[in-house]
Each structure stands twice: as C-alpha cells, then as structure tokens.
Amino acid sequence: MTHFAKLGLAATLMMGTATAALAEAHAMTLEGGMETNMVLLPKFLGILVFDQANEGAQEAHAELGNPGELLFVGPTPENSVAGQIEIMTTAATQGQGAVMLSNNAGDQIAPSAEAAQAAGVQVVTWDSPIPSGAGESVFVAQVDFGSIGVVMADMAHSILGGSGQMAVLSATPDAANQNAWIAAMEEALAGDAKYADIELVDVVYGDDQAEVSYNRALALVDSHPDLGLIMSPTTVGIQAAAKAMQDEGLCDQVKVSGLGLPSEMVSYTMNGCAPEFALWDFRDLGYLTYYTAYGLATGQLTGDMGETFTAGRMGAYTIEEDPGRPGSKRILMGPFTVYTADNVEAAAQ
Amino acid sequence: MTAPVSAPPPSAGPVLALRHISKSFGMTRALSDMSLSLFPGEVHAVVGENGAGKSTMIKIMTGVHQPSSGTLEVDGVALRLSGTKDARQAGIAAIYQEPMVFPDLDVAENIFISATGLGLVQNRAALRSRARSLIDRIGMTLDVDRIAAGLTLAEQQAVEIARALSQDVRVLIMDEPTASLSDHEATQLRQIARTLSGQGVAVVYISHRLEEIFDVADRVTVIRDGQHISTRPVAEVTPDGMIGEMVGREVGNYFTKAPSHTRPEVMLSVQNLGCADAFEGISLDLHAGEVLCMAGLVGARRTDVALSLFGIQPATSGQVAWLGQPFHATSPAQAIEAGIAYVSEDRRKLGLALPMAIRANITLATLNAILSRLGLIDRAAEQGIAESFRKRLNIRTPDVETSVGMLSGGNQQKVMLAKWLEMRPRLLIFDEPTRGIDVGAKAEVHDLIRTFVKEGGAALVISSDLPEVLALGDRILVMREGRQMGILDHDDATQETVMRLATGATSLKGAA
Amino acid sequence: MLGRLSPQTLRILALLVVLALVLAFFASQVPNYFNARLFNRISSSVAIMALIATAQTLVILTRNIDLSIGSVVGFTAFATGNLVAGSPDIHPLVLVVYAMLVGAGFGLINGVIVAYARVPSIIVTLATMAIFRSALVEYSDAKSITSSQLPQWLVQFPNTSLFEVGGVQFRAAFVTAVIVVLIVHVALNRLRPARRLYAVGSNPEAAEMAGINLRLTVLSAFVMAGALAGLAGFMFLARFGNITVVAGLGFELKSVAAAVVGGVNIFGGSGTVLGALIGAILVDLIDTSLVRWALVSEFWREAVLGALILTAVAVDAILMRRLIRMRIAREKERLASMPQKEAAE
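Respectively, the protein sequence lines represent chains Y, G and E.
Quick note: the first sequence uses numbering that gives the first Met the number 0, first residue 0, plus one each step.
Quick note: the second sequence uses numbering that gives the first Met the number 0, first residue 0, plus one each step.
Quick note: the third sequence uses numbering that gives the first Met the number 0, first residue 0, plus one each step.
So that you can see chain Y by itself, here it is in the shape it has in the complex (with noise of 0.2 Å):
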C-alpha cells in the first residue's frame, strides 16, 4: 500500500498541496499523552474502507499515547440512519472527548449532534459531512469534491477517447457525498470544451448493494445500446458492475471505471474491463482525522478558520472554508491515486 504512485492531477488539488506547504512555516505541534475518549463512527460496520479508516485511526491513537479509549462502533447496514442517531446520542451522555462520523444520515442527524456539542462532545466527520454543516465542529475531506468531478471527467475522456456515451450508477440517491460528486463532475463535462462529445446519458442507484448494482449495471446497457462507459463513484458498484460486464462478456464494449479498491479491482483493471479508476487512501484519512479530533478534544485546536497543525508523518494541515458549503469548515487530505495497470498490482498487495 506504500508504493504506488501519486498523481496531482487537477488545479484544484495542487491548490490543495500549495496551501498546506504554505501553512507548514507556522504549524502547531500537538502533545501527546492527553488523556480523551472517542468514538469513530462509520456509515455501517462490514465495509473494507472503514475497516481501514478504523486502522489509521487506531495508528494515530497509538502514536499520540492517548491513555483514553478509541471505541469503533457503528450501525448494522439495514438500521445505518437511526443507528447512527442512536450512537451520537449515547456518545453525548457518555461524554466522550469527540465523534468521529462519517455521516450516512443526512441532515437528520444535525440535532443529535448539536445536542452532543452542547455537551461537550467534538463532532469531527470525515468521508461524508453534515450537509446543513449544523452540529458539526469540522469535516476533515477525503479530497476536494470539486477534484473529484474532475477526476471522474478526466478518467472518462481518457477510457472514451474523448466522445461516447456513459452513465452513473451510484450507491444511494440521499448519499451527500455520491451526489456532491456527481454533481462536481457534470460540472467538469460542461466546463470544459474537451469534455463536449462525451455525453451523460442515464444515472441509477445501486444501494451499494452487490446484487442490486449489478442487476443496475446490466439494465443499463440494455437501455443505452450505444453506452461506452458505466461509472460509478462508490467501492460497492464499481465492483459490481466491473463482475456483470465481466460475467456477460461485455468488456470490450462497455468498460468500468469510478472509485474502488485496488484490491477488490486487481483483476479487473489487468482483464481490461476496468482500465483506471481511482481512491484515496482510506488509512491516511482515519489518520488524519483522529489527529483533528483529538486536538479538538484536549483543547489544544479551537477549531477556528486559518489554524494550522501537524498531523503526524502526514504534514502539516489547515482548517479553511468548505468551497461546497459556505459557513462550514473543512480540512482537506488528498491528494488522489489513481490506478491502472502499471500500479494496480502493487496497491493491492
């Protein structure tokens, strides 16, 4: 997971990295060794992704000799919405140092959360935000979402050679972050003359469910004879729909690309059927997050606009304005991999 290669594609993103070796000169070091529970909460239990983000989360606690307790704990996948409510309202009673969400909810969860910062409780979420940004103290981002549309633009032009038709299968219509991205990336086809023959034909939900994403996939290019392309921003689908145009020898019509694990996609990626996609590492985000929280929690970062900490072997980060939700706060970790045949191997070791 160490080896491959990192790609700053985007403007955006090396924006992003210019940023952070500016705010280096005066970053603020955390101590170690203070004392604070907390809880990092995930969409649902039974995902390799927050599996990971779960390590670089327990990585960090280690490395800071934080002497409290680092609960991972989340909803089972039928009950994720009121699950997620439930766990912050306990967190809150408890009185937890902080919460680290990364929201399946929506907005429904902004009361329980505000009801945790009244007590006290930092929310910090991380993967996918509040999008009211109410209750929330900061959102540390995976990579700017605006990069991500372009990201997924560009992977598009790439596989498409510039003109064909392609569609979106996504997890859930009510994911705030899938939808941010889509969005992003109808935004980077339309502002780009380069982008003006590949055509956006369709988008479908596939519940991040195996079987529901690839009967999606399927039906979509039964629908769209003429479809070049299925892309889709979420591990679940991609997968899926990369095995349904594998199993129906559909490969050399119709490739896969989106967000996915490189180990999930190996073969696919090296078969042809999915010839790049990309992913942030999830390990460095649960990294990066548990340092904002717990900085947070022990006092030590007020959470203001501008401020600037070390985040351990990751650098230096600063806490801005999310471009996608003014008022909000958000960090931003990128950068973005992105994965073909030439790294692909080596990732998924």
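Please keep in mind that the hints were generated in silico from the structure rather than gathered at the bench.
Treat the hints with care, since some could be wrong.
[To be verified] Under the rule of at most 20 Å between Cα atoms (straight-line distance), these lysine to any residue pairs were calculated in the SDA-like manner:
| hint | chain 1 | residue 1 | chain 2 | residue 2 |
| --- | --- | --- | --- | --- |
| 1 | E | Lys142 | Y | Gly248 |
| 2 | G | Lys84 | E | Asn212 |
| 3 | G | Lys390 | G | Met405 |
| 4 | G | Lys58 | G | Thr70 |
[What the hints assert, rightly or not] Selected chain G positions facing chain E (in silico; Cβ < 8 Å):
| hint | residue |
| --- | --- |
| 5 | Ser81 |
| 6 | Thr83 |
| 7 | Arg87 |
| 8 | Met99 |
| 9 | Val100 |
| 10 | Asp103 |
| 11 | Leu104 |
| 12 | Glu108 |
| 13 | Gln121 |
| 14 | Leu353 |
For clarity, every value in this text was computed on a predicted model and none was experimentally measured.
Built from N, CA and C at the ideal position, the CB exists for glycine as well.
Assemble the complex: chain Y is given as a structure, and chains G and E must be docked to it using the hints.
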C-alpha cells in the same frame, strides 16, 4: 341417586373404561367421579344438557385432556393418553359436531391426512379409489378430488366420518354427528353406526335428537353437572324419564305449539325473489307478531334466501317491500340500519368473536350507542347492558368478562342472540337457532323468540328440526333445491306434509 | 377442457397470462425490449430469487413467515466464501452441503423459537433478521469476500451455458434453481409428510385433532426453508463474488412478494412453489424492466414497482375467479348429465 347397572354386557370385558375420573379446569370442576364402560359391539348413547361434561369426557377419551384423578383402561389395562395420537393408536377416534376438515386439501387427502402405512410417496390413484369406497360406505355422492373449502357442512361431516372409518377404530365417538345433517343423511349415519357396532366396534353416540337415541342406541347413559346419573338398556328408558334425569327438573311445553301473536299488518313482503345460482321464485308475506319457519332438507338453499334479505348476497331478481317501502339491501349495514337482524348458523365463523369477553361481544354492533361524550366507550353502560342480558337470557357464566370461547354451545347462542337483540331489530332472521344445543336451552330460545314477536317484531326461522318447526311456526314455508314448494298454515302442517314437500314427493298443488 | 384442471393448474395458467400481459406492456413501452439478453438477465437473477421464494413458500404454507431469510442468505454466502477462500481445493459438493447446513442451522433457531416457545413467527424472525445480520457483521470482522479469493469453478459456475436455443442461454445457475424448485414441487405434491404443511396451515386445530405433530411440522418447514436459503447463499456467492455484510439485504420482502404474487395464501394452507417461481419471475421482470422504462424516474421506481405488483395480483385474482366460475359451470353440466342421486342433496 343410585346408578342402575346395565344388563347386556357379554362375557368379554369392556374395550374402554373410565374409572372414577375427575377433571378440573382451575376452579371449575368439569367431571367428578365419572365411571363408564364401553363394550365391543354396542352403541352407547350419552345424553346430558350442554355443560353437563360430555365434551370433557370425550376429550379425556381422545387424549386431548388428561384426567385430574381416576384412570382410563383399554382392554382392562390402565393407560395414559397424552395426545390424540396415543388415542388413535389405542383405536379410539372421534368425530365432532363442527367438522374438522382442511379447507385447502381435497377430499381424498382430507380422509387420509393422518393415515399411516401408505408409504412415503403418495399414490393418487390408490388414494382416490380407497377414498371413494369409504364415501360409498356412507352412502354419499362426493367427488373425492374436490377441495374441501367448497363442501357443505353435511359433506364435510361425511369426510370426517370417512376419515375416522379409514383408521382402524375400536371405539368411535360420534359427538353430535347428525346435528348438521338432513333427516335422510342422519338415518344413513345411524345405519353406519349400527354397521360398525355389528363389526364389533364400540360406538359412543352423542345427540340432542332424542328420537335418534331410541332408534340407534343399545344403552343410554345420562350425565348431569359432570356426574354420572344413570346407565340403562334403551328398552328401560322413556323420553320423559330421560329428559327428567338430564335437566333435573320438568321441561316446559317444548313440543306444544304456543298461541299465535300474528297481527294483520304486513311487515315484509317478498315477491318472486331470486338470486343467480342459488334460488328463485320466493314469495311471502311476513306479518307483525308472526313466526314464519322455513323448512327443507340440506341443500334447499334456505340460508341463501336469508343472506339475500340481509344484504350479504344481494338478490338478482324480484322485489322486496319492508314496512311498505321498496327495499333492496346490498350490504348487512343497510339491513341492520333498516332493523333487520340475522343470527347465523355458524356461530364460530360469522357470529361471535370467541376470544373477546361476553360484554364486548354483546355491544359489538351497537358501540355508537354507548359512547360517552368524549367518544370513549362508556364501560359502566356497557357492563349494565351485558349484565341485563345475562339475567334476561339466563346465560350461565360467572361474569360477563368471561371470553365467549369458554362458554358451552347453548350459552354462546344466547350471547349471539343478545348481541342482535341489543340492536332492537324489527325482523329477526334465525338460522338453525337451536342446532346442537340441549333441550333446556332450546325451550329458552323458543321462549325468547315468542317474546320477541309478541312485542311486535317478526321472526323468520330456518330450522331442520321438524318438531321445532311445528312447535314454533305460525306458518311454514318449505323449500327444495332453491324453489319454494309451498307455505303451510300451522294447523295443516304435520311432519309428513312438510317432509313430502321437502323431498319433492309432492308439491302443494299436487297434494290438494 | 378447463373443467378437468385442478385449481392449482388454473392458478399457474392465470399467472402465465399475467406474465404475458406484463411482457406485452413493456414491449410496447421499451424499444428493442425483446431479445435473448432479456431472458438471460431475468433467468440469472431469478436463479437466486426462486430458491428464496420457494423457501418462503414452505414457511408461509404453515401460516408463518420468515423475515430473517435475507440475513441467512447473507451469512451463508459469507461463511461459504470464507470456507472456500481458506481451502480452495474443497469438493464442490461439500461446499454446497456446508452452505445448506449453515442455513438449516439458522432455520432451526427460528423453528425452535416459533414452534416450541410459541412466539409468533413475525416477531421471532423480525428479531432474528437483525440478530443474524449483526452476527454476520461480527463474524466477518468488517472484511469482505472478493471474487479473486474464490476458485475459478465457483465463479464460472453460474454463467456456464448448459445449452442454447437461438441465443437464449440456459445457464447452470438458472437450470439448477429450476430443478430444485421442481423437486420441491413434486415433493409437496407427492410425498405424504409434505401434506402436513398444507394441513397445518389450512386448519391447525383440525391438524392437531388428526394427530399431526404441529410443532414438528412447523419446525421442519423452518429448517427446510433455512437449508434452501443456504443454497441461495451459495448461489449468491458464486454469482456476485463480492460479499459484504449487506449481502441479501431486502430479500425477505422480495421473497414474500414473489410468493404472494405467485398465489401462495399469506394465511397459509394453499399455494405451490411453481407459482412462487413464476411470482419470482414476475417480480424480477417488472423490477428489471422498470429500469429500462424511461418514463419512470429513479425516485418513483419503487412506488411504480409496488403498484405494478398490486395490479398483477389483482389481475391474477380476477382471472382466477373467472376460471373457477367456468370450471364450476362445467362441473354442473357434468353432474346434470349424470344419473341423479336424489338423496344426496
């Protein structure tokens, strides 16, 4: 009272014997110190009022209940039956008043559902032919491939009997087997009981039709209040003596016709009423104060006429005038609104919510009348209504909170009646009001009907019990296979004239 | 001719008519609707749904319901995948038996609680649905199975085309599922013990009186349903390869829908697994076709699916009533032509 000991038992010992059996349910003592011996080859009638303990006794014999004390012996060996399966293995089977069929299975499957030794794989052809021969033994015509859901009560009964016959029975308990059968079928059934006893089977025969008992039984046992009263050869028994022992008191004028209360005004006028696939050409005038009985054999479609008047199965031809106005009910709600009540034949299915309290059942249809100002049920008023009916109808229960399912058949019938009377109807349609209830309760129900018409109501009574029809009806309408065969005045009606019309031996014109 | 057919056969006929109507409707709405692909799509996904609908039917026949079936499919898919990932040389048959045993184990838990603790099945299985799913989360340790961990024979099995008729492929998974459904169908019709399922659901009181062991019958229905759900889990693993903790989510309601659309009485006692198979095909056909129907947006799809299922059930019920009426008319004619037996009425 001493129990006279019976005469005939042959040298062989009893095949089944109850020895000093008692059974209590909580505080209620259903049987106390009950002893009874059954010998191979006898038809042994057991009579008693409802609630006398007959059902409990049968359930002990069939292993459904276990006695609180006393023993049950098969072939002289004490046996503990812990379920119906044990009983069946011991050769004891029972058929009940309410047929126990599987509505979704066909006739042949129903008959052999619990049969053993037929192998794992079902051989349809063999099953059908065996089923057919059993049905033939009962003297019925019945398609063995038919789904039981569409069968009439009589046909379901036949299926049940065939099922019992398919098992190797040594003791066959027939609990009110003829209650739902026509006279002709009842006669056939009694012949079957005799045939079986001729083959050495001990038959326990329970019936409220006293004339049957004299026809079929070798010995008669009377029980009352859970206790054994007497066992005698049938020759030593008289109807009056038997009834006296059953009720422990003199029974009123059950078989005597009470004076008519008929008034001149017509309440219900029916002209040429018909309903597709069911009946046609029904014409009658029903006066205030009149009891009109509808007689006929099973399949005469009398119930369909009642269902049409009540709006469940709206008529497709003809006219009805109710209190002088044209009337065409298309739903029960309409009929109830107009003051027509229908007391159904099938208490379980259409009439009562068995798990609910007596109180709630009685006020079920009239809840609006007892709502308090806040729209809540006025429990005190509800209680009062239920309590008054309990007294008026003599419903035997500790209190009105008891669930209806706990009551005996006769008392259930009274609760159902109370439910409808509470609506203060002008016309009461009764479907088999006394089917399967005992002599004492019968007389009570008859009195209630008479009181009802005396106060200005009209009653339409469907009954298959000829003595009842003759005792109750001011006039008697006879139907046969969906057609009206004639209306007899009470004074012209005898068992013979009614039966001739009902069997189609003659129509009214031909008889004149 | 209709007069001789049993109500069961009539039901199947009515369903086939509805199926044809649905096909005709979508063919008129969706360009290039009919092609070999349509059959391949439906048959592949029905392979799993048919097994689950069959399992659900067994339980519904006894007047019960199994809402945990989706969780059982998910768990067995994962457990089976885990086993074969650890020991890739395991004999295929052993793997199938393992899947069915794991499923039967869950069925046993449901069955014991329903039959012996006398808790209504809707409550028991609502609870076990969540419990089994959480057990999977715990057991999986948040890992997922991916197709790269599975042996080639397993991944290739579902899509292996056994024979082909004019571009229409009959694939191994579909053929296997149809064979299983037919076996269960014949067993229900021809095996005497199977009649007990119907008897228990039809009239439990009478069944008890007839000496049928109610509890054992209900228990075995749940165990068999569990085993079939386990088999479905195996097929799920082979088809999708990627098993996460959400595998099989929502199958419980789909299976109930398929069974009910297929004419299985939700109150027990009547229905056939053949009907449930056609019900599964119908539900899946509507589901798949809706995605291709441009008129319906993503957000209305579930609602339209529900409405179409309701319509299908209603049309089926009306057709069924018509057919039965025709049959009764024939019956009457037949009886009328027979010598009268006066006394029988």
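Quick rundown of the hints versus the structure:
Proposed proximity of E/Lys142 and Y/Gly248 is contradicted: the alpha carbons are some 28 Å apart, above 20 Å. At most 20 Å may separate the alpha-carbon atoms for a hinted pair to count; G/Lys84 and E/Asn212 meet this at roughly 9 Å. With a C-alpha separation of about 18 Å, the suggested pair G/Lys390 and G/Met405 falls inside the 20 Å cut-off, and the hint holds. Taking the CA atoms of G/Lys58 and G/Thr70, the gap is near 14 Å; set against the 20 Å cutoff, the hint holds.
Look at G/Ser81: its Cβ only gets to about 12 Å from chain E, farther than 8 Å, so that hint breaks. Interface restraint check: G/Thr83 against chain E, minimum CB-CB distance 5 Å, threshold 8 Å, status holds. A cut of 8 Å between beta carbons decides the hint on G/Arg87: the least distance to chain E is about 5 Å, and the hint holds. The interface hint given for G/Met99 is met, as the beta carbon of that residue sits about 4 Å from the closest beta carbon of chain E, less than 8 Å.
Of the supplied interface hints, the one on G/Val100 holds, with its beta-carbon coming within about 6 Å of a beta-carbon of chain E, less than 8 Å. Taking 8 Å as the C-beta contact cut-off toward chain E, the hint placing G/Asp103 at the interface holds, the least distance being around 4 Å. Hint status for G/Leu104: holds, given a least beta-carbon distance of 6 Å to chain E, under 8 Å. Checking G/Glu108 against chain E: minimum C-beta separation of about 6 Å stays under 8 Å; hint holds.
A distance limit of 8 Å between C-beta atoms decides the matter here; for G/Gln121 the minimum to chain E is near 5 Å, and the interface restraint holds. Nearest Cβ of chain E to the Cβ of G/Leu353: about 12 Å, over the 8 Å cut. The hint is violated.
Checked against the numbered hints given earlier, this structure breaks hints 1, 5 and 14; the rest are met.
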